Each structure stands twice: as C-alpha cells, then as structure tokens.
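Chemist: In this note's numbering, the protein residues as written are 487 to 769.
These are computed hints drawn from the structure, not numbers from a lab. Note that the structure is a prediction, hence the values are computed from the model and not measured. Yeah, the Cβ is synthetic: ideal placement off N, Cα and C, and Gly gets one too. Incorrect hints may have been included.
Said to hold, decoys possible - Here are the computed distance ranges between Cβ atoms for each label pair: (1) Gly677 / Leu516: 47 to 53 angstroms; (2) Gly721 / Gly588: 41 to 47 angstroms; (3) Tyr526 / Arg589: 33 to 39 angstroms; (4) Gly736 / Thr632: 25 to 31 angstroms; (5) Gly662 / Pro603: 48 to 54 angstroms; (6) Ile528 / Gly630: 22 to 28 angstroms; (7) Leu525 / Leu689: 35 to 41 angstroms; (8) Arg617 / Ala549: 31 to 37 angstroms; (9) Leu527 / Gly721: 44 to 50 angstroms; (10) Thr755 / Thr628: 22 to 28 angstroms; (11) Arg617 / Trp679: 38 to 44 angstroms; (12) Gly662 / Ala594: 18 to 24 angstroms.
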Amino acid sequence: MTSTDTGTAGRPGTGPLRRRAPGRQAPIALLLPAAVGLLYLILPLAGLLIRAPWSTLPQRLTAPGVLTALRLSLQCATLATLLCLALGVPIAWLLARVEFPGRRLVRALVTVPLVLPPVVGGVALLLVFGRRGLLGSWLDETFGFTLPFTTTGVVLAEAFVAMPFLIIAVEGALRGADRRYEEAAATLGAGRWVTFTHVTLPLVAPGIAAGGVLCWARALGEFGATITFAGNYPGITQTMPLAVYQTLEGGDLDAAIVLSLVLLIVSVTILAGLRDRWISGSS
Numbered sequence: 487m488t489s490t491d492t493g494t495a496g497r498p499g500t501g502p503l504r505r506r507a508p509g510r511q512a513p514i515a516l517l518l519p520a521a522v523g524l525l526y527l528i529l530p531l532a533g534l535l536i537r538a539p540w541s542t543l544p545q546r547l548t549a550p551g552v553l554t555a556l557r558l559s560l561q562c563a564t565l566a567t568l569l570c571l572a573l574g575v576p577i578a579w580l581l582a583r584v585e586f587p588g589r590r591l592v593r594a595l596v597t598v599p600l601v602l603p604p605v606v607g608g609v610a611l612l613l614v615f616g617r618r619g620l621l622g623s624w625l626d627e628t629f630g631f632t633l634p635f636t637t638t639g640v641v642l643a644e645a646f647v648a649m650p651f652l653i654i655a656v657e658g659a660l661r662g663a664d665r666r667y668e669e670a671a672a673t674l675g676a677g678r679w680v681t682f683t684h685v686t687l688p689l690v691a692p693g694i695a696a697g698g699v700l701c702w703a704r705a706l707g708e709f710g711a712t713i714t715f716a717g718n719y720p721g722i723t724q725t726m727p728l729a730v731y732q733t734l735e736g737g738d739l740d741a742a743i744v745l746s747l748v749l750l751i752v753s754v755t756i757l758a759g760l761r762d763r764w765i766s767g768s769s
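Could you put the whole structure together from the sequences, leaning on the hints where they help?
Modeler: So, in structure tokens, the structure goes:
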C-alpha cells in the first residue's frame, strides 16, 4: 500500500473505511407502525379542530354553564393536585427510602387506581364516604357533614384517580437522586426533617413538578369516579367532562365539541408549557 493510499484510508469519512453513522436511518419496520400510531393519536384531535363551530364559538363559550363548568374544573383539579402533593409525596418517600414488610404490596395498592375503572373507584368512595359508608356515616352523625354529591366530593374523586401519577413520578425521582448530598447533610449534623426539606426536596423538585402536572391533567379530565361519587349538578359538581357528556346526551354535538376543544386547549397548554420545562430544567 502506498503512502497516498494509507493517508486516504486513514482519513475519517473517506476511502474504504467510511462508515455510516449509526441511528441516522430508522428501519421501515419501525417507521410504518410509528406513523400509523401517530395518525391514530393525532387524527381524533384534528377532528375536533376541523369540526369545531368556529363561527359561533364566542357565543357558545359564553353560554350559561360553560364558564361555570370550566371554573369548577380548574378549581377542583387544582385542589385535588394540592391534596395529592400533601399525601402523595410522603407516600413516595416511604416507598423509595424505607424498607418495611409488605412494601411491594403497598406499592401495588397505591397504583391500583391506574388500572381500576373510574366508575368502580366512585363506587368504592361511596362505600367509604357515603352516608352509610365506613367513615361517611360517622361524619354525618357526628358533624352533620356529607361528602357525596358536593364540590368536596369532586375533589376527593379526582384525587383518588390522579394520585398514583404523582406517586410514581416522585418515587422514580427519589430513587434516581444522588443520596451523597443527603449523607453529607447528615454528617454535618442536619436532622432528618431538615435534610428532607433542604436537600431531598430540591433534588427531586423536577420530578415532583412533573408528577404534579400529570396529576393535575388527570384530575381535570376525570369523569367516571366524579359522576358516580359526586353526581352531575351544574355549579356544584358538574365539571367540564360531565358537561360534555350532558350536551352529548342532549343531542347538541356542536356544544360538546366546543367544550371538548376547551379541555383540549387547556390540557395541551399546561403539558407543553410546563411539563417539558420542569423535566428538562430549562428556563
């Protein structure tokens, strides 16, 4: 081999040693099902945009009950998310950091609402918090306080189905966090609570934020548990998903499309504007 040939062969990207960078071209066997899957997910959303009655949209958005249902949805989803944060973060920390008998069983139980039909969850809530339920009867007799078919009942129903999303996200963040910072804080004399609030929480803040966004979005779209446990009373328990169902039952397809479009816009805006920012840590 001459010196010229050696120089050409050893030069990157030239001669017979040239190689195609891996991962540049995906196989057709993956591209085709991926394209079909994307169409399957995007076309129904595009259908809402195409069929939306844009000419009468302002009048329909200001119709009686629409703004009330939207306000109630946002309020209840936010309160449910706060409840999930208050209860779900300690549960996630317990599952991630504490060894105790039956931990796998507890983890399975707290994730059951992910696969449980929401209507079944509503029935379960009635059996516990209803007037004749395990706790509801005591609340009614002692304090005269009832939860079913109230706005508080909507918050409880949404929190029940949404909390597993938060727990899974926070537990994963806790397991992936570098524990050397916590050990260093303990070495410097910080107590467990100070270490948790000043070291652990900042470390897993992106995971908590991402889980909170997913939890809020799930609570916003909850239907089955809400209508079973809280009913469908305008101004009290009728959230946007329930309003969509009622308008469809009444035969007003355009109104149902408008309500669905509002939910779609709110959900996409929250997820696209906040979740990626918190997960990636970008400003």
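Chemist: Take the hints in turn and mark each one as holding or not.
Modeler: Going down the list of hints, with the structure as the test:
no. : hint                                : in the structure
1   : Gly677 / Leu516: 47 to 53 angstroms : 51 angstroms, holds
2   : Gly721 / Gly588: 41 to 47 angstroms : 44 angstroms, holds
3   : Tyr526 / Arg589: 33 to 39 angstroms : 38 angstroms, holds
4   : Gly736 / Thr632: 25 to 31 angstroms : 29 angstroms, holds
5   : Gly662 / Pro603: 48 to 54 angstroms : 32 angstroms, violated
6   : Ile528 / Gly630: 22 to 28 angstroms : 51 angstroms, violated
7   : Leu525 / Leu689: 35 to 41 angstroms : 40 angstroms, holds
8   : Arg617 / Ala549: 31 to 37 angstroms : 34 angstroms, holds
9   : Leu527 / Gly721: 44 to 50 angstroms : 34 angstroms, violated
10  : Thr755 / Thr628: 22 to 28 angstroms : 43 angstroms, violated
11  : Arg617 / Trp679: 38 to 44 angstroms : 39 angstroms, holds
12  : Gly662 / Ala594: 18 to 24 angstroms : 21 angstroms, holds
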